[in-house]
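Participant: So the sequence lines, in the order shown, correspond to chains A and B. So the first sequence is residues 1 to 438, counted in this note's numbering. So the second sequence is residues 1 to 438, counted in this note's numbering.
Treat the hints loosely; a few may be bogus.
Label pairs and their calculated CB-CB ranges [said to hold, decoys possible]: (1) A:212 / B:71: 29 to 35 Å; (2) A:43 / B:334: 28 to 34 Å; (3) B:334 / A:113: 21 to 27 Å; (4) B:334 / A:11: 35 to 41 Å; (5) A:24 / B:334: 39 to 45 Å; (6) A:212 / B:55: 20 to 26 Å; (7) A:43 / B:374: 47 to 53 Å; (8) A:190 / B:335: 38 to 44 Å; (9) B:138 / A:199: 55 to 61 Å; (10) B:170 / A:4: 28 to 34 Å; (11) A:48 / B:138: 51 to 57 Å.
If you're looking for bench data, these hints aren't it; they were derived computationally from the structure. The structure presented is a predicted model; accordingly, all values stated were derived computationally and were not measured. Think of the CB as a built atom: it goes at the ideal place given N, C-alpha and C, for glycine as much as any other residue.
Spelled out, the chains give:
Number of protein chains: 2
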Amino acid sequence: MAAGRLAPGDRLPATRQLAAELGVSRGVVVQAYQRLTDEGLAAARTGSGTVVTGRPGTRRPALDRRRTLDELRLPLSTPDGIDLNLSPGVPDLSAFPRTAWLRAERTVLDRVTGSDLGYGDPGGAPGLRSQLVGWLSRTRGVRAEADDVVVTAGVAQGLALLAQVLRGEGVSDVAVEDPGSRGATDQLAYWGMRTTGVAVDDEGMRTDLLADAAAALLTPAHQFPTGVVLSPGRRRTLLAWPGLIIEDDYDAEHRYDRSPVAALQGSAPERVAYLGSVSKSLAPGMRLGWLVAPRRMQTALLAAKHATDLGNPAVPQLVLAELLASGDYERHLRAVRERQRRRRDALLGALRAHLPGARVAGVAAGLHLLVMLEGYGDTPDTVLAERVAAAGVMVHPLSWHRRRPGPPGLVIGYAAHPPDRLAEAAGRIGMALSPPGR
Amino acid sequence: MAAGRLAPGDRLPATRQLAAELGVSRGVVVQAYQRLTDEGLAAARTGSGTVVTGRPGTRRPALDRRRTLDELRLPLSTPDGIDLNLSPGVPDLSAFPRTAWLRAERTVLDRVTGSDLGYGDPGGAPGLRSQLVGWLSRTRGVRAEADDVVVTAGVAQGLALLAQVLRGEGVSDVAVEDPGSRGATDQLAYWGMRTTGVAVDDEGMRTDLLADAAAALLTPAHQFPTGVVLSPGRRRTLLAWPGLIIEDDYDAEHRYDRSPVAALQGSAPERVAYLGSVSKSLAPGMRLGWLVAPRRMQTALLAAKHATDLGNPAVPQLVLAELLASGDYERHLRAVRERQRRRRDALLGALRAHLPGARVAGVAAGLHLLVMLEGYGDTPDTVLAERVAAAGVMVHPLSWHRRRPGPPGLVIGYAAHPPDRLAEAAGRIGMALSPPGR
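Make the full structure from the sequences, and use the hints.
Facilitator: And the structure:
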């Protein structure tokens with residue numbers, strides 16, 4: 001029937017005859033015919049045995065997952081010819097604390113109750129929310145109670161939920177940093193928000209240009225991709241501005257020279273929606289983050305989260321709560337921070353040696369460097385990044401993250417590679433960018 | 001400053017003086033003032049020391065999570081006075097296979113690679129998708145390749161993604177079963193779909209009444225809440241109907257008397273969007289499910305999933321893949337099925353003894369029974385359920401799941417309780433429903 005050899009109206013062989021042909025008991029054939037009948041593909045007709053009445057669906061169109069993902073601008077595989085992928089945003093995944101995670105999960109599963117595993121609070125497991133407020137208060141100055149926290153599937157989902165609620169409030173414009181995160185802009189666009197770029201300089205977003213926008217998305221502690229910290233004066237301007245501040249605290253755990261500046265949220269909890277996640281501290285594949293928003297938004301945010309997925313998976317939430325409570329999360333972060341600092345220093349030193357005309361922007365923090373290439377003439381940074389790619393090293397041209405044109409630069413992620421590989425990468429970048437014949 | 005005792009313009013004490021007062025080194029105070037300055041709350045003014053320039057946000061409105069959840073119709077806690085919660089939809093969470101899950105997770109974490117934990121394919125981990133197509137083909141007759149599967153945060157998210165894609169195609173009406181799942185209807189409404197109820201009788205949804213609806217949501221293998229199986233004739237009508245069939249295969253693992261009828265998807269893969277999850281087989285708190293949709297919808301579905309959460313968490317996906325590959329998932333299901341069958345039999349027997357006027361609807365499957373109470377006069381089933389609640393037993397009145405009025409009934413979940421507790425519940429239900437003085 002699936003192959004089309006039996007069409008509706010055709011008679012199936014008598015059960016006794018088919019059973020004999022196939023060498024099986026008649027009961028097996030009767031059962032098979034019953035299944036076909038139950039599925040609506042055949043019917044027993046008095047006097048004429050079992051007759052075909054339907055046809056399973058025909059051949060399906062071809063699938064090409066890679067093309068589909070490319071259409072969605074989701075380059076999930078490293079391009080051919082690249083052996084050193086220094087795209088920004090990916091942490092050192094080999095550092096994932098497997099032992100501590102498994103130990104915490106065993107503890108969690110030993111004491112988990114039925115209600116922990118049932119349909120839960122869409123805002124997240126209470127145990128995790130209460131650990132998070134302690135952690136965020138201590139490390140980031142966030143002011144919140146456990147019930148202020150909505151556990152999310154990461155910053156991207158936090159943006160999706162906020163966009164849905166803002167749309168419900170009649171807001172459809174968000175100011176974003178330029179240069180800034182292209183992923184965040186794409187995300188907001190899917191949820192119907194128009195984004196306007198606001199220039200970023202050495203003090204962070206030009207908050208004096210926000211004017212009457214209703215909402216602004218910023219990375220105040222460590223701007224992506226420039227690495228600058230929002231200056232005290234700009235923070236003051238921002239806190240006096242009446243719109244909703246969406247604070248993406250994406251890598252605040254990774255400051256190497258001093259404690260990071262506190263979150264804006266602590267200065268204005270009813271004006272700031274604060275977003276964070278474990279994507280840079282544990283792994284992006286955890287899809288686990290948090291949102292602390294002004295209280296007037298809470299009912300609508302919980303409705304949005306419930307309609308999106310009914311809430312985050314329970315077990316990983318409880319495991320993170322256990323890691324926070326045991327101090328294992330903090331120990332892990334300390335070790336990772338020390339390792340990333342050494343990697344940053346290694347890349348920085350090697351770039352100074354191999355790329356003397358470049359200037360490294362931003363503070364000692366994060367998982368990537370921005371290298372400004374003003375000294376490289378008028379060549380667009382997309383072309384410079386292609387030359388680097390031809391040497392097997394993948395980096396992002398700064399212009400990928402820009403809306404308005406600006407000086408050329410390269411965004412180079414260092415977190416995923418040991419110092420010797422980073423020195424190798426810097427050497428190849430230096431070779432690739434040295435003008436021919438020099 | 002937070003308490004309002006220091007206002008903008010006020011001078012902070014000199015660092016030396018405050019250090020002496022507090023008995024700390026001056027460096028500590030200097031650092032603290034620097035933090036306040038960085039945060040925009042204070043500024044160093046030449047000649048006048050450090051001056052307050054901002055004020056942290058004032059007191060926030062009160063939070064009442066329980067009221068918020070009640071407004072959203074999410075009753076997450078058992079009401080006062082209930083000691084036997086027999087609400088439908090919750091599996092036996094004490095049966096969660098902790099040992100097998102932890103063992104599989106150890107295996108997964110031993111061999112997990114960086115790319116497994118990075119930003120992955122929004123459609124899900126390839127390893128899980130390929131295990132799922134084997135499993136769904138074998139147990140449900142689903143026809144799919146691994147790339148047809150979108151791993152979701154459960155059936156609710158599958159509906160959310162489908163609704164977004166349907167809206168993009170200009171479809172905003174979905175036919176649903178009446179009675180049917182109220183949760184599914186609420187979910188579709190959030191995403192902008194109007195739902196129209198189509199009557200359900202002893203053969204399932206009246207597919208002859210679908211007419212020119214563009215999409216229909218059904219539970220063909222075991223209708224919720226009536227427990228009937230969609231008849232062969234109705235399946236044929238449905239397969240000849242041109243709209244999109246959304247097949248919620250919510251508890252197909254739980255048929256006790258024979259193999260469940262195959263999924264409709266296998267008969268028409270380009271016309272059916274098939275939804276399933278581990279909510280009834282493992283736990284709702286896993287938030288892990290799957291969607292197999294017509295191929296024309298795939299790019300839009302992946303875009304919606306990406307914009308929603310970038311994809312499901314990686315580790316639980318890989319653990320489920322391991323459980324499917326090892327056979328542990330199938331062994332778990334067999335054990336659970338046997339236990340549920342005994343519980344169903346226990347409840348059924350006790351109800352026959354204590355509630356002789358009632359009629360139990362549906363086939364031997366699932367996690368709940370529908371008890372029809374035509375013999376109980378004109379009393380609405382909401383009143384009958386209240387009488388039962390007064391005896392400490394929570395059940396759902398059938399009318400909660402109805403759009404149009406119909407005969408009274410009670411939907412009684414049995415999965416979460418052992419046979420003796422179910423017998424106790426049936427006894428109390430019988431007492432509560434016996435007419436006074438009889």
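Participant: Checked against the structure, which of the hints given earlier come out wrong?
Facilitator: 5, 7, 11
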